[in-house]
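Novice: Single-letter residue listing:
Protein chains: 2
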Amino acid sequence: MKYGFSARIQKTPKSFIREILKVTQKPEVISFAGGLPNPSLIDTEKILEAAEEVISKDGRNALQYSTTEGYLPLRKYIAERYSKRYGIKADPDEILITNGSQQCLDLIGKIFIDKNDGVVIERPGYLGAIQAFSIFEPEFFPVNLSGEGPDTEELERIVSYENPKLFYGIPNSQNPSGITYSKEKRKEISDILSGTDTVFVEDDAYGELNFSGKTLPPVKKYLPELDIMTGSFSKIVSPGMRMGWIYAPEEILDKISTAKQASDLHSNYLCQRIIAEYLLSNNIDDNIKRIREEYKKRCTYMIDLMNEKFPESVSHTNPEGGMFIWLTLPKGYSSMTLFDKAMEKNVAILPGTPFYCDGGGDNTARINFSNSDEKDIEKGIEVLSKIFSEWKI
Amino acid sequence: MKYGFSARIQKTPKSFIREILKVTQKPEVISFAGGLPNPSLIDTEKILEAAEEVISKDGRNALQYSTTEGYLPLRKYIAERYSKRYGIKADPDEILITNGSQQCLDLIGKIFIDKNDGVVIERPGYLGAIQAFSIFEPEFFPVNLSGEGPDTEELERIVSYENPKLFYGIPNSQNPSGITYSKEKRKEISDILSGTDTVFVEDDAYGELNFSGKTLPPVKKYLPELDIMTGSFSKIVSPGMRMGWIYAPEEILDKISTAKQASDLHSNYLCQRIIAEYLLSNNIDDNIKRIREEYKKRCTYMIDLMNEKFPESVSHTNPEGGMFIWLTLPKGYSSMTLFDKAMEKNVAILPGTPFYCDGGGDNTARINFSNSDEKDIEKGIEVLSKIFSEWKI
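Those protein sequences? They're chains A and B, same order as listed. The first sequence runs 954 to 1346 under this note's numbering. The second sequence runs 954 to 1346 under this note's numbering.
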């Protein structure tokens, strides 16, 4: 049967990652390919208590339809946390609850992107954002991302000449690179965008996962009217509940709310209530501290092994948080070949190409450390280093 | 601040209903305006048991990321129910779990509608569909809906001359009108669409709520390749969990899955697991029977009072299921005025105009019966009939 599919869906990249993850999910595979939070750090006991409390005390309301913006006490909690962590005064009326932070990108695409509008994105950039925005058929303008953050000269040029609608970035522990923008880069970005029509979409999915617990000021602090922050409970409470939020100026949030209503009326209300109950009855900071310590341990262990065993020609980032390390092989070496070779030994890595919306990145790969224990990290790095030895690189 | 919002969001109607519902939510108001399932029929006790079972036995998996298509045992349950209820053999691979059936419309819009593509919709038509599709900037072609179903001559003309991408309809207990298509209309629709490029989007949110428990064959039965059914647990288990599904040919579902992944990765996995556990440990038919009986009682009571107290010039539909009755006042009388007058006496109805995507319908109104008890129905109908008396219509 030949169906009349839209132009947009034909332009949306199918998730290469999803196809790869199918191969790598066999139990015998040591997988650095995925992006899963460590399940041992999900606080199932306390979440069960919260679920029991909500359903037994107020089930009929918690299971009924609710408002598009989301449960007010949850929005208040989120607003207060912005004030506590970043010293920015968010109002609950600037917060709307979404299905994970992925849905934020869909809603932002809906309200901003007309066909061929410009969208600036980091290079490498988060694949989920490339997919979400592709639906609205923008023109992507990648800016190179390295050590301290995005190439701001490139950004300035694109912003002046192309007048893009959005710049999407992840200043804290970026996916896929693990890079955190320096304070200076954040200030520069705000200077470049200030007075323009370009809104910064500041994805902060990993902000809580800085190993040191320290925070850098979000760009939002310098650019309140032209910045939309997105956040998520996936990395700190539970990914399966698909709970995230948008924090945006009210004028933007009003349009987001119209788009959200058209998309699915509102997010799962039962789980909004459960998360709110969980957050208000427990000290989330205890759990976040545990996650940070565990991830730091795994990351440090992996980096130490990489430094010890990998040839100098294979470089890697040194993340201060998050879940990913970024590998760069010498020019001419393909991470797809590395993937194939490593899979022969039941080790999975994620080739970097899908993170380059304009092609390239053949010699890069994303390595996840959050979901493997020390034994598996040791085995996996050993397998990779042997491949590099054979290649004599 | 002037933001560069997309053309699409500026064309999407803001929910008039949502604004009205804010006014009508005061406790002293008898509201026929909303569309809420009756909360007393939500099986909170058994849902709590299911939640406890899932989180205590398999919490770490249930709270983790999952697949885009959704939890397989839930998709199997849904597929088997199609076979049991409608005698159509659905495959679990043709089912994808969504955030309520509203999200089905967003995903279908994404994969089919390019700007200015034709979309046929009932007149009056479901406002949520008008909103969801508007995001993708189609041209709407309304077909009149009355007694036995849509005007098929009009439909045939539109399909031949305009080659629309989609025809969206609700054959069972339509929202807002309460009309159920006759078997003949269903067959006619399939004859008209067969061999064309127009896909029928068959919204079956109310199919389980037929008072008699009897079913008519869905159009899907006659037109398997050109029909997408959408379904929902909102009316039979819980609306707050936002759980629905798409049932479509695999070639379509493959594109839906790409769009779903770009939209929010997957639906709330915890609640997919809870609903599956609830459905597999209980006989949902017992609860559905209770809902049907209760809604039938309320509907019959309301219709009897309307027949007794309303003037003959005010006509109403006689639903065989669902949650709504449709009122038509004599030409020249406005349901907005009726709304204002009734609100003075703390009774709320829903004016019909937003259900007409091409304007009109000023003399129509939607009346919900599922969420009021007999005492409130009596009081409310009394208030409306007094207004009609004053108007001498």
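Do not rely on the hints blindly, as some may be mistaken.
The list makes no distinction among identical chains, and a pair is therefore deemed to hold if it is satisfied within one copy or across any two copies.
Unchecked claim - Result set (BS3-like, lysine-lysine): computed pairs, CA atoms no more than 30 angstroms apart in a straight line:
| id | residue 1 | residue 2 |
| --- | --- | --- |
| 1 | LYS1068 | LYS964 |
| 2 | LYS975 | LYS1174 |
| 3 | LYS1250 | LYS1037 |
| 4 | LYS1010 | LYS999 |
| 5 | LYS955 | LYS1328 |
| 6 | LYS1010 | LYS1345 |
| 7 | LYS1042 | LYS1332 |
| 8 | LYS1174 | LYS955 |
| 9 | LYS1140 | LYS1284 |
| 10 | LYS1010 | LYS1284 |
| 11 | LYS1042 | LYS1262 |
| 12 | LYS1068 | LYS1010 |
| 13 | LYS1284 | LYS1029 |
| 14 | LYS1167 | LYS964 |
| 15 | LYS955 | LYS1068 |
| 16 | LYS1328 | LYS967 |
| 17 | LYS967 | LYS1140 |
| 18 | LYS964 | LYS1242 |
| 19 | LYS1345 | LYS964 |
| 20 | LYS955 | LYS1029 |
To be clear, the hints were calculated from the coordinates, so they are not data collected in a lab.
Novice: Please go over all the hints and tell whether each is borne out by the structure.
Specialist: These are the hints, each one checked on the structure:
no.	hint	in the structure
1	LYS1068 / LYS964	both (12 angstroms within a copy, 15 angstroms between copies)
2	LYS975 / LYS1174	neither (41 angstroms within a copy, 33 angstroms between copies)
3	LYS1250 / LYS1037	within (26 angstroms within a copy, 53 angstroms between copies)
4	LYS1010 / LYS999	both (16 angstroms within a copy, 14 angstroms between copies)
5	LYS955 / LYS1328	neither (50 angstroms within a copy, 55 angstroms between copies)
6	LYS1010 / LYS1345	neither (65 angstroms within a copy, 49 angstroms between copies)
7	LYS1042 / LYS1332	neither (47 angstroms within a copy, 47 angstroms between copies)
8	LYS1174 / LYS955	between (50 angstroms within a copy, 20 angstroms between copies)
9	LYS1140 / LYS1284	neither (33 angstroms within a copy, 63 angstroms between copies)
10	LYS1010 / LYS1284	neither (61 angstroms within a copy, 49 angstroms between copies)
11	LYS1042 / LYS1262	neither (47 angstroms within a copy, 56 angstroms between copies)
12	LYS1068 / LYS1010	neither (48 angstroms within a copy, 47 angstroms between copies)
13	LYS1284 / LYS1029	neither (49 angstroms within a copy, 48 angstroms between copies)
14	LYS1167 / LYS964	neither (40 angstroms within a copy, 44 angstroms between copies)
15	LYS955 / LYS1068	both (25 angstroms within a copy, 20 angstroms between copies)
16	LYS1328 / LYS967	neither (33 angstroms within a copy, 55 angstroms between copies)
17	LYS967 / LYS1140	neither (35 angstroms within a copy, 37 angstroms between copies)
18	LYS964 / LYS1242	neither (41 angstroms within a copy, 46 angstroms between copies)
19	LYS1345 / LYS964	neither (39 angstroms within a copy, 60 angstroms between copies)
20	LYS955 / LYS1029	between (49 angstroms within a copy, 27 angstroms between copies)
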